[in-house]
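S.K.: In case you want the letters, here they are:
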Amino acid sequence: MQKANRLSLWLLTCLASISLIAPLTAAPSVKQPSASERWTNLEKADSPSFRRHVVPLMSRSGCSGRECHGSFSGQGGFQLSLFGYDFEKDHKEITDDQEDGVRVDKKDPTQSLILLKATNEEHHKGKERIKKGSWEYNLILKWISEGAKIDVAETGEFERLEVLPKEIVFKKTDETVQLRVLAHWKDGTVEDVTQITRFRTNDDTVSNVSDTGEVKCTGPGDTHIVAFYDNGVHPIPVMLPVSDKVGPKYPKIVTNTKVDELVLDKLRKVGIVPSDKASDTEFLRRVSLDVTGTLPTPSEVREFVADKSADKRAKKIDELLNRPAYAAWWATQMCDWTGNNAAQLRGAGEKDFNTELSRLWYDWIEARIAKNEPYDKLVAGIVLATGRTSPDQSYLDYAKEMSSYLTKNHPADIADRPNMPFFWLRQNVRKPQEKALAFAHSFLGVRIECAECHKHPFDQWTKNDFQQFQAFFEPISYGANSNVKETVSYKSMAEKLREETGETDKKKQKKAVEAAFEKLVRAGEPAPWQELFVKRISTRKLSDKEIAKLKQKNPNYNSRVATPKILGGEEVSLTDYPDPRAPLMDWMRDPQNAYFARSYVNRVWANYFGRGIVEPADDMNLANPPVNKELMDYLAEGFVAKGFDMKWLHREILNSDTYQRTWKPNDTNRLDEKNFSHMVLRRLPAEVAMDAIALATTSSQQQSIFAGDIEKRAIGPNVGSGRKGQSGYALTTFGKPARLTNCDCERTSDPTLLQTLFTRNDPELLTKLEGSSKDNAWITELRRMNGSFSAEEKKADGELRKARATRQNLKKRKEMALAKGNAKPEELKKVDELIAATEAKEKELTGTPKAPAFNQEEVIQEIYLRTVSRFPTADEMAKAKEDLASAKDPVDGVRDVLWAMLNAREFLVNH
Amino acid sequence: MATHSYCDGVNRRDFLRVGALAGIGLSLPNFLQLQAQGGVTPAKGKAAIFVRLSGGPSHMDTFDLKPDAPDTHRGEFKEIATNVPGVRISEHLPKLAQCADKFTILRGVSHTLAAHELGTAYMMTGNRPIASLRYPSYGSVVSREMNAPEYLPPFVAIPNYGNYATGFMGPEYGPFETGSAPQAGRAMEVRGLALRNGVTLEDVDRRQNLVKRYDTAFGEYAKEDKLLAGMDQFGQKAYEMMRSEKSREAFDLRKESENITKMFGTDQFSQSCLLATRLVESGVRFVTVTLGGWDTHQNNWETLKNKNLPTLDAGLAGLFTSLAAKGMLDTTSVFVTGEFGRTPKINARGGRDHYPRAMFCLLAGGGMQGGQVIGASDAKGEGPKDKAITPDDVAATFYRSLGIDPTKEYHTPSGRPVMIVRYGKVINEMFS
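Protein chains in written order, with numbering that gives the first Met the number 0: chain A, 0 to 910; chain B, 0 to 431.
Where hints are given, some of them may not hold.
Unchecked claim - Partial list, computed: chain B residues near chain A (C-beta under 8 Å):
(1) F167
(2) G178
(3) A180
(4) G191
(5) G197
(6) V198
(7) Y213
(8) F217
(9) L227
(10) G229
(11) K236
(12) M241
(13) D294
(14) Y422
Hint data in this document are derived by calculation from the structure and do not stem from the laboratory. C-beta: ideal position from N, C-alpha, C; glycine also.
So that you can see chain A by itself, here it is in the shape it has in the complex (with noise of 0.2 Å):
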């Protein structure tokens, strides 16, 4: 924690300064002489380091790469550890190889087998590496001949990286530019490692990088160049402006936020100048469906524009944010990155509520964004749940309480409950690693997954950091509570719930205790629940003896237990703390968190313009830096100094211009998809997207009870979550996360053909848009109004659909016949006939079109209103009464217009 923040302080004073070229004097006076300078020369050669020079440079030549010797089995029998950071291991592999002999010679330095192996002279299936008599030669050769020592207590720890220049704003392509990168130690050594670090360019289109930090321009955008040494990631942002308009000519554009501010700095860096304001009918739709998750109604989109007021945006958002649909929307959203599957919940009891589970799970979240509860309280009600809610609640008064959710008569509001334990109980988070990479993935948005085998190749984590960091949930236990003795427990109470069925036969009797189980939970009786506590640990050292029995049983028992230490932060003693999980809550709130607030940030940016600031957005690591470092550390700072107030951040970014441009393109931001110069268009998730289609379709009474009827909702309560099937069809086909991998890509919104074969012609879809005895349709109403079909006139249609189909088969045959050749001329005269036949009938069947009953004009702008929320142009007005005109029956018209109206992309993208 400590090196990060201080990390990003510096960044934030550095970038103050932006020049192409670099003032290579700039932070330490003195300028410190290159790896090649200092061992070129073998005789006056510094004596090198082996963690601070020889293991970064066997990792910059490739040596502890994974297609080398990095690799999980080595390679010709050599390993080192990947991206070499284990320096024990590493130091042994190289020097203590009896097997092999002669990696390291010190008696004849120049004959060890790393040298001779590195310049090919003996050969390596690698190819050369480094050059015989060259510096990078000479500097092993000095070590090896200096007696070939480890020293990774000498050096101590590693402090940060610096790199110069802080930027690079190229002016054309194929300039180029030299970095300098300068490794600050804890001890105050400060030395020049340009040739011994590895760089890394994430868009070669715009730069790339040499191995010796040379950076070229390739093309206009913006990036950034990466620095590894030991473990330090350090990023450097990289442009060529996209346009001639930067400097002077950047034409003047007001500001009226901070965001606003942040994020013009960064366009106007690159020559990208912002569209204009979206217009009233544009805002609204987008905030409506950002914020809520829902369409605006007909009669909102009305009122909106009739509204004159200057503020009636930021009074809209302030509604909106008080609304049930916003809490349902981001409930959902947090059930996604907390992992909610309701086929994980399993083994709460002696029978299996999930769906029920997952719902109070849902449940629990939403009532606390509803009332703004601050974030960091809500997590912690997550992150430190236990079962019993308080130190002097026995066992049977926990096992009543969880049994009062679940009653049949008037069960209690899980809300009321301070915390939420099932986060904890998911089948797939059972074991400590599993439960360090949720936690991460849920609540800081890093990735650490790498770091479990090996050090992070884009980030700072090491596989220490990872052992340790998993170390906090070792002792966290979703079962019988081990710690207390009581004389009603989990264990007696089964026990006596198993004795009480009378079954000896094991199947019938976990049949007959799931019932008898149930039956407790349904009436609010204590109930054998499993609960959810933080183990004692014994912190007594094991003998050798206990320790080679364990060894026994397990060969991989490993009898160093791993302090627990928070990511980049400190080791912390479990004897301070009964349970572990809450110094990481105490480190996640702490102000200089660069994760905790940061994480939540990003992730509500992303759902407001299709990225994150950093980008994806679950993916926090050194190597993949924010797109506008200044303006997530402003949102993330003053989301904490709010006392992290959600609402807060919803409005800073919502009131922003930046929120409220079009989509619109100019010249200069139409390839733009990353500094937010633009709306950038998006399907909508699947659960906004069903809604709108049931909004859209459904009669004008129902639309504002569905609007805020939750509990109907798609975008409400999940409890098919994680189930797929013909229920969870249309759901599943528009891409909702199924919340089983700690990944928010699980949510897809790329379109698909079964997409667009769902708007158009799936039978559920149809059926909404006709309505049915269950739902009432618009069109249902109109047809009401309209008098409903005759029976006469139900029969005419009927026959004159059979009258076009039966004229389509012969077309058929004809053309079938034709396509043969063996058509006989009276046979065709024949089919011809027929075809006139059915022809006539038609058209005597469809007659002269009714007059409508309603005021096609009206029902024109509702249909525009329902579906993209904004009115008619004069031209669609004119087309669509044309369409109504020539329909038979009106209504059919207007079901025609308005599926038509959901099959558009203007329906189903967020603009």
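Following the hints, position chain B against chain A.
M.R.: For chain B alone, coordinates are given in the frame of chain A:
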């Protein structure tokens, strides 16, 4: 920019000379020249079936057994002979052993990405994944290069594909996912395809015109924006599919003759393979079938013996023999692969872990010669014996069988030129 050559010694632009891989030496521009001069036979593949064994199947227990390896490596299974003399595979693949003349085993295929996501990205694109670009999958490239009849999607995934199929190419080249696996003797229920609720073909036509009349809000930008362009393509395709009787029949397994259906098992994988052959027969260009469950970190042999191998055996043998029986094997390229092999050394839990340095792939049809073993792994199955076959080489070979030039360049939306396969060399023995 200086590039690293790799420690495995394969400098990707080098010509390879020795060992079992002598045939790889022909680089593609070379090949095309030869083709132009009539030096090589033109490609025969008109469509492809890609069978994805997700999780990473153990090479040591399937198509690359090491009966002489030590106990720490060998595993429980024995080898059996096949209908091709000298080619031996696992005893739990008896049906495939009877049609080994129809496919070729590539051994010692090797890469270095031991994570599922990365390995999958590599094997399904033929390009090693990099940070700044997502490569398009085989199916997306084929969709772009080869036209399907207008009433069928060019690229179908049974039952689904997962994320990022299209890479930088935009959603219109994405797979049509059936959503579920077909069941024996039943029409595949593809929702939205059947005409129900009293909708007639005439209605379908009329409505298609209506959408065009009303879907105008984005103007010219609709052509530029990837999302909008993709949705538009799907709109057209959906219309053609709904209109077509043929598209509905392609998904109806009841229309298949008994001679063919009896070649398959009745489980979902076999039926998916059967559906794949029907779709290809109807004009679909690329079908993926997925069989998961290969991530056998524990209970490797139990799982393989009782579940995975019998399923794979029935489905794949059905696929090869039915394609041959229909006379379609020569025009249908088949590619079977996982994302990596598994550790030759057996772990403490009776399983094998991720291992990309030695794996197997199967290739068949599309003018590719069956009944061969190409490449080899070393004595313990730990790496290629001589020169490695790279996923890039397999990709180039696969594309070659379909008549697609792997060195062809596409442009990303930002204008960056990207080759279909950056580094692969065609394995010429496949076409001898």
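S.K.: Now tell me, hint by hint, if it's right for this structure.
M.R.: Now the hints, each set against the structure:
1. F167: violated, 11 Å
2. G178: Status holds, d = 6 Å.
3. A180: violated, 12 Å
4. G191: This interface hint holds because 3 Å falls under the 8 Å limit.
5. G197: holds, 7 Å
6. V198: holds, 7 Å
7. Y213: Given a least distance of 4 Å, the restraint on B:Y213 holds.
8. F217: holds, 7 Å
9. L227: Hint holds; B:L227 Cβ to chain A Cβ min 6 Å, cut 8 Å.
10. G229: holds, 5 Å
11. K236: holds, 6 Å
12. M241: holds, 6 Å
13. D294: violated, 14 Å
14. Y422: violated, 13 Å
Hint violations for this structure: numbers 1, 3, 13 and 14, all remaining hints satisfied.
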